Each structure stands twice: as structure tokens, then as C-alpha cells.
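Engineer: Below, each chain spelled out in residue letters.
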Amino acid sequence: MTPQSRIAAVAAPLVLILLWQLACLSGAFPAQVLVPPSEVARTLAALASSGELERHIGESMFRLGLGYVIGALAGLAFGATIALSRWAEAAFGPFFLALWQVPVIAFVPMLVIFLGIDEPFKVAIVILAAFFPIALATFDGVRGVPRTWFEVARVYRTRLPDLVWRILIPATVPAVLTGLRLALTRAWVVLIAAELLAADSGIGQMMEMGRQMFRIDVVLAGVVVSGVIGFALDRGAKAVERRATRWRTA
Amino acid sequence: MFPDVRSRPPAEAKAAARGALTISDLDKSFTIAGAPRAVLDGVNLTVKPGEFISIVGASGCGKSTLLRLIVGLDAEYSGEIRLDGERIATTSLDRGIVFQDHRLFPWMTLGQNIELALLNTDTPKARRAQIVADHIALVNLQGFETAYPHQLSGGMAQRAAIARALVTEPKLLLLDEPLGALDALTRVHVQNELQRIWMAQRSTMIMVTHDVEEALYLGDRVVVMSPNPGRIRRIVDVDLPHPRDRSAPLLHRLKDEILAELTARPADPANLVRLPGREER
Chain A
1 MTPQSRIAAV AAPLVLILLW QLACLSGAFP AQVLVPPSEV ARTLAALASS
51 GELERHIGES MFRLGLGYVI GALAGLAFGA TIALSRWAEA AFGPFFLALW
101 QVPVIAFVPM LVIFLGIDEP FKVAIVILAA FFPIALATFD GVRGVPRTWF
151 EVARVYRTRL PDLVWRILIP ATVPAVLTGL RLALTRAWVV LIAAELLAAD
201 SGIGQMMEMG RQMFRIDVVL AGVVVSGVIG FALDRGAKAV ERRATRWRTA
Chain B
1 MFPDVRSRPP AEAKAAARGA LTISDLDKSF TIAGAPRAVL DGVNLTVKPG
51 EFISIVGASG CGKSTLLRLI VGLDAEYSGE IRLDGERIAT TSLDRGIVFQ
101 DHRLFPWMTL GQNIELALLN TDTPKARRAQ IVADHIALVN LQGFETAYPH
151 QLSGGMAQRA AIARALVTEP KLLLLDEPLG ALDALTRVHV QNELQRIWMA
201 QRSTMIMVTH DVEEALYLGD RVVVMSPNPG RIRRIVDVDL PHPRDRSAPL
251 LHRLKDEILA ELTARPADPA NLVRLPGREE R
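These protein sequence lines map, in sequence, to chains A and B.
Using UniProt numbering, count along the first sequence one by one with no gaps and you end on 250.
Using UniProt numbering, count along the second sequence one by one with no gaps and you end on 281.
Please keep in mind that the hints were generated in silico from the structure rather than gathered at the bench.
Keep in mind that the hints are not guaranteed to be accurate.
[Unchecked claim] Partner residues are not named here, just some residues of chain B that face chain A (Cβ under 7 Å, in silico):
hint: 1; residue: Thr91
hint: 2; residue: Ile97
hint: 3; residue: Phe144
hint: 4; residue: Ala147
hint: 5; residue: Leu152
Because the structure is a prediction, the values reported are computed rather than measured.
Even glycine gets a Cβ: it sits at the ideal position worked out from N, Cα and C.
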């Protein structure tokens, strides 16, 4: 990033917050409906110092971590299977692509009936959200390995374990990492939404409670926190992606 | 039984024991849109150990297909391809190939790419690094061991691919238009390198190219092929010792001859442009 673009990246949100604050000060909207940013910041500080925010973030992150790992492993395995086996692709491909078109949130009512609104439900929703993009990226990644690279392996009579570890996996890493990154932020968004709908703790539940008690400042504090965490997750995943694919032409 | 080693330098005596290729009555056809289409038709060629053969011809004359058959990437053919008496049915570390695109793996360094070729050999692990270093030196890429392919120029990447192909010490090295994607100056440079490498290694080499000058500069013999289906049209002996001088009159005379042969062929009805309405009278 150039210094100018760095300044712009900070200045634009600051200007927006300033306009927001000015709109509140103008008195055109009731203070309870349009909460000023200063109030949101105060609430955020209070939530943080009471330890409440930390608890909600911890709960959400735990669900995200557990569900994401399970969903990613399942997605990798499934994507690789349908990419490598024509039979598996024929059997599960269309079904998978049809399910992929269903918003993950649409599974909430059914999952709530089966799993209740406790941890298993929220972990399951994260698993679902992570599974699809990762399976699809893995499928594309494995299918996208050029035939010519297999020919090189045949010429040098590379053994299967070497073919898998040294050629097949590195060749699919860029596509799979992109899928892992997209799945991570997607899973985070879906988790917050699910917590809004049905939960007893977590960032989404904190926001839902705020809404019910007409504490818009708490709702907005939740918006800020989920946005910042989502942004940090994406940045972190991008950094991992760049490090792992340094060999690529920049 | 009684090899006469006195009359030859030792390196050549060693090479003489290996890398003899015989191709007899080779036919190959592909099925295109349900109909078989002959790509190679009645190819016969005997390559002496340590010989450098160039193959030239218009595109579609099956020269790349021929190399794929020899290297063993395609085993469906009729006729015989034998290396030192053994029929070729699959790939082998006895036969190396350099493709037009270098096909180095982008996530491996130059050293790792070359070492990959040694993975399925019984070369002791301790010796591998030395062998890789020797071959990097052979193609003059010292100092680039840890470079990634995207950091190499086209000519360097192609030399690296040559090093990878030679690291298993194949009896026979196949070169499928290895210099086709290089600019003119780099091309001349890598041609010189290739000649030097071949003189140092003395393994049998077969290079496909569509550059007649290149074919003559490097080849002991130049096989001229004609397309549809691919046939050997003529084999030209280039009776000049290596290293060669590019300005040798013989090379220029042969070049004119081969070019005339490749361009001024009798009109083949299949290749005529048919104008609409004139098909039938």
C-alpha cells in the first residue's frame, strides 16, 4: 500500500463516522433510533471492561473454530473424491451443486428442530457454511492440475506418494487456499446470522438481546465487532495464502 | 564381444554400448470424430548410439507424436520401437524428454525440480545433491539453485529442463522443439549450449524442430518428414565434425535443399482450397 492509499483507507471511515455524529447532533432523528458513534464507543468500552464482550467473542470464535475445522476437512475430502472419481462425481456432483444453491440460513429451521439451539446447532451451521466453498474449490483445484504435469511425473516414473505430496497437493494449494479463505469469512457471517436467529450466547445473540431491549447502541457495537473480526479473519487468511504461494509470479 | 576400444576415445566407447534406437514399420493413428486418422505411416529409422538426429517437417507431420511414442507416453502403435533391443511400451528412466514448454514445477526451486527426476532412482540420497549440482553446472546455471522458475528467463528455464532430463543419465534424450518458444538470440545461445552438452554427454539425442538451420547445425543426420500422414521423406547426412561453424557452406547448401523440398512439393489435392461452386462441373 502506498502512503496515500493508507491515509485514504483510514480517512474515509473517519469522515463517515464524523457525518454520522453530525447527523445525530442535528437532532433530526430520535437519539434512541440513531445512536451517535460516541455512544456506541462508550457501550463497546463498557461491554469490554465488564468482560461480557470477551465472553461473547470467545463463544462465537469457539463455534467458528470447531465448525470450520470439521467443515474444511469434510470439504477437502469430498472435493478431492468427486474430482478424482468419475463415479463419485456422477453420483454426488449434481446433488452437491443443487444443495450449494440453497442459502445456508435456510437450513436453520430444520437444524433447530433436530439439534435445538445449543452448541451442536451453531457448530453444524458453521460446518455447512464452510463445507460447500471448500469442497468446490478443492474440486476445481484438483481438476485444474494440468495433464502435462502428470506426464512429467510419468516420464520420471514418480511414485504415487511422491506424486501426491510433491506434485498434486502443491498444484492444488492455490485454489484450495482461496476456497479456505472464502469459507472462513462466509462461515463467520453465517454464524452471526444464526446466532441472531437462535442462540443463548455469542456476538449475534448479544445483538439480538440489544434489539429486544431497544439498545441500538449494543446492536451497533455488535455490528462493529463482527465487522472487525471478519475483516481480521480475511486479512489473516490472505497473509497465510500469500506465504504459502510465494513461488507464484507476483 | 571384442569391442575395439583402441581406435576410439574412451567416452565414445562407453556411449557405444547404449542408446541404439530402431524404429521399424511404425504406424500410428488417432481417432478423430469417430474416424481413424493416420498420423504416422510406415516410419523406419535406425539411430546409432551417441548420434544426434534432428527431425524437421511442417506442422502436422507427426513429429511430436513420434517423440511421445519413443518416450513411452503413448504405447498404442503398430510396428516396433526398440531401444537397445527392448520394445518400448511405457516410460523409463533410460529415456529423457525436454518439452517445448519447460514444464518445471513452479513451487519447486531449480534444484528441487532437478532432484525430482532422481526420486525414483537408487541413487543414494547423499549423492543426489552432488549430481544435481553437477548438472546445474553442466547447463551453466550455477548460483540459481534456489531460484523459482518464474525468476528464470525463458532460455534459463529451458536449460534447467535440459538439466532435469539429463540428471538420470538417460541413454536417449528426446527434445520436442525445446527452443521453439525462445527469441532468436537466446535460441542461438542455447543451441551452442546444447551442442556443448551433447559433446560432453555423448548420449543419443533426437530433436524435433521446425527450424531447418537449427536442425542442420546440431544434427548428424536430419530427418525430413512430410505431413498427412507423417512419413519420412528424406534423411540428410550432415557430414561435418562438431563443434560446427554456423557459416559452413555445406550447412547453407543443405538448408536451401531441405527448404526447397519442404516448400515446393507437388500440389496435393487434399490441400487445395476448394472454392464454393467449383466443386463439381
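Engineer: Please flag the earlier hints that this structure goes against, numbers listed from lowest up.
Structural biologist: The structure conflicts with hints 3, 4, 5, although it agrees with all the remaining ones.
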